[in-house]
Amino acid sequence: MRNWEFDVVFDSQRIFRSLLDAMANPGCIITLPDIRINNPAANMYPLLLLMTLLDHEVSFSVLDNGTPVTEHLKTNTGSKESKLENSDFILVYGGSSHGLIRRAMVGTLEYPDESATVIYDTDSIGDIDGDVLLELSGPGIADKRRIGTSGIEQTEIEDVFTIQDYPLGLDLIFSDNAGRIACIPRSTTMKVI
Amino acid sequence: MTELSTLAGTDSEAVEGYNFAFLDEFTKRELRRKILKAVAIPGYQVPFGSREMPLAKGWGTGGIQVTLSIIGKSDVLKVIDQGSDESVNAVNIRNLVSRMTGVKTTSDTSRATIIQTRHRIPEEPLTKDQILVFQVPFPEPLRTIEPSEQVTRRMHAEQDYSGMWLHLYEDIVKHGKITIGARYPCMVNGRHLMDPSPIPRWDVPRLHKSPVLHLFCAGREKRIYAIPPHTLVEPLEFEDYRFETEDFCGKVCERCGSSDTFLDEIIDDATGNPRYLCSDTSFCEKRQRGEDV
Numbered sequence: 001m002r003n004w005e006f007d008v009v010f011d012s013q014r015i016f017r018s019l020l021d022a023m024a025n026p027g028c029i030i031t032l033p034d035i036r037i038n039n040p041a042a043n044m045y046p047l048l049l050l051m052t053l054l055d056h057e058v059s060f061s062v063l064d065n066g067t068p069v070t071e072h073l074k075t076n077t078g079s080k081e082s083k084l085e086n087s088d089f090i091l092v093y094g095g096s097s098h099g100l101i102r103r104a105m106v107g108t109l110e111y112p113d114e115s116a117t118v119i120y121d122t123d124s125i126g127d128i129d130g131d132v133l134l135e136l137s138g139p140g141i142a143d144k145r146r147i148g149t150s151g152i153e154q155t156e157i158e159d160v161f162t163i164q165d166y167p168l169g170l171d172l173i174f175s176d177n178a179g180r181i182a183c184i185p186r187s188t189t190m191k192v193i
Numbered sequence: 001m002t003e004l005s006t007l008a009g010t011d012s013e014a015v016e017g018y019n020f021a022f023l024d025e026f027t028k029r030e031l032r033r034k035i036l037k038a039v040a041i042p043g044y045q046v047p048f049g050s051r052e053m054p055l056a057k058g059w060g061t062g063g064i065q066v067t068l069s070i071i072g073k074s075d076v077l078k079v080i081d082q083g084s085d086e087s088v089n090a091v092n093i094r095n096l097v098s099r100m101t102g103v104k105t106t107s108d109t110s111r112a113t114i115i116q117t118r119h120r121i122p123e124e125p126l127t128k129d130q131i132l133v134f135q136v137p138f139p140e141p142l143r144t145i146e147p148s149e150q151v152t153r154r155m156h157a158e159q160d161y162s163g164m165w166l167h168l169y170e171d172i173v174k175h176g177k178i179t180i181g182a183r184y185p186c187m188v189n190g191r192h193l194m195d196p197s198p199i200p201r202w203d204v205p206r207l208h209k210s211p212v213l214h215l216f217c218a219g220r221e222k223r224i225y226a227i228p229p230h231t232l233v234e235p236l237e238f239e240d241y242r243f244e245t246e247d248f249c250g251k252v253c254e255r256c257g258s259s260d261t262f263l264d265e266i267i268d269d270a271t272g273n274p275r276y277l278c279s280d281t282s283f284c285e286k287r288q289r290g291e292d293v
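Here the protein sequences line up with chains A and B, keeping their order. Start counting the first sequence at 1; every next residue gets the next number (my numbering). Start counting the second sequence at 1; every next residue gets the next number (my numbering).
Isolated chain A (complex conformation):
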């Protein structure tokens, strides 16, 4: 169904600025602006992010949530669904891609930007608590930063580890039910603690 309540001009600008802030400050928890849409999933925030970023020039795939979300994104953005290994954007539900993420695009050394951005639908993101605690350092982080997430499996993070080979790799966005997001771009060094 078409989402008429989403303002393509102004809502997407506000969401993008929150996302830019989060990407420039990895691990920093940013709250998305309060924008409501009719959505086919329990957590609408990953959809808001994709409605901000997708159009006909890029492709996406959704793991583990069936057709309503895919149809919603196709209808509202004009973007194409594609195989995981060709997708510019990947939305993962259930906290794990069961190893599939290792097949995602990581770019080439000449064009490392031709790689996937992965959005994880998580239960919650916090500074100190969560099932998986990560310690981050690198660009965008003054010294070190800690982040905890619930609703993502540690094996998934380890799978991402195995394919990160800077400047090649994936850029991760965690998005929770309360509208909080946190990013871990490939430039960030992370370890599970």
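What the hints contain is simulated information worked out from the structure, not anything from laboratory work. Among the clues, some could well be false.
Unchecked claim - Here are the computed lysine-lysine pairs in the PhoX-like style, where the Cα-Cα straight-line distance is at most 20 Å:
(1) K73(B) to K104(B)
(2) K57(B) to K209(B)
(3) K144(A) to K222(B)
(4) K128(B) to K144(A)
(5) K209(B) to K128(B)
(6) K144(A) to K74(A)
Claimed, not checked - Examples of chain B residues lying across from chain A (beta carbon under 7 Å, computed):
(7) L23
(8) E25
(9) R29
(10) R32
(11) V39
(12) P42
(13) V46
(14) G72
(15) P147
(16) V151
(17) R153
(18) A157
(19) R255
(20) G257
For clarity, every value in this text was computed on a predicted model and none was experimentally measured. Ideal Cβ placement from N, Cα and C applies to all residues, glycine included.
Let chain A serve as the given structure and place chain B on it in line with the hints.
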């Protein structure tokens, strides 16, 4: 202080008949996706489909496309050209953005949320809530030693910067020192060699571990790159031939008396003697008013 938008008579709603911020939404989306990739790979040049803008290529079309794709209603914009808010390029870009968005504009560095700049970093310390957008004429630092884009891309891929080191070495052999004035090549995050745009050497160390997000865009050359906050930015230097900033030892600004800012040298027509003035006019005026900056 009077808002510049009030002075210019553009302090109202955006002009009707145009999309908010001039660009169409597909263009903004592409730019936004590329900006995110640029932030994720600091110093790497992301190609993008640069659009025709209502100003000539080479006059800040890259910077303005980035500014227009990130700006929102609540932003406050400052535009400077070589440190000045009042030069033709700065005034025209500011008026264009202001008429296309209706946002407030200012010359006060501390009040701005987005600062678009041509070839300077404001003297006042910037904060983490600000974004600095640079206009870039030549994004490729290796272009002086290699004309082919295909080859320079491979050099970045292989992190093969020996040609650039040799270029610096030859400079020292010929002139006894590194003679690069502006556009001093820097290593970003220990991986990509980057052209910091023609900012003076004075501003280069200020990119290092700065708290602000820096976005660079070359409209004619169709490239976007970025330095996120707190990122390592190291100018190339040898152990025995260090990177040096401009030396203003013993010189002070004629207007505000500053001895710790980047100064413009102006030759007095009458006497033929050099005079010195702050390049950052907003900072200079604040000092003249006795504000603590």
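* To do: Of all the hints given earlier, name the ones this structure violates by number, lowest first.
  => 2, 3, 6, 7, 15, 16, 19, 20
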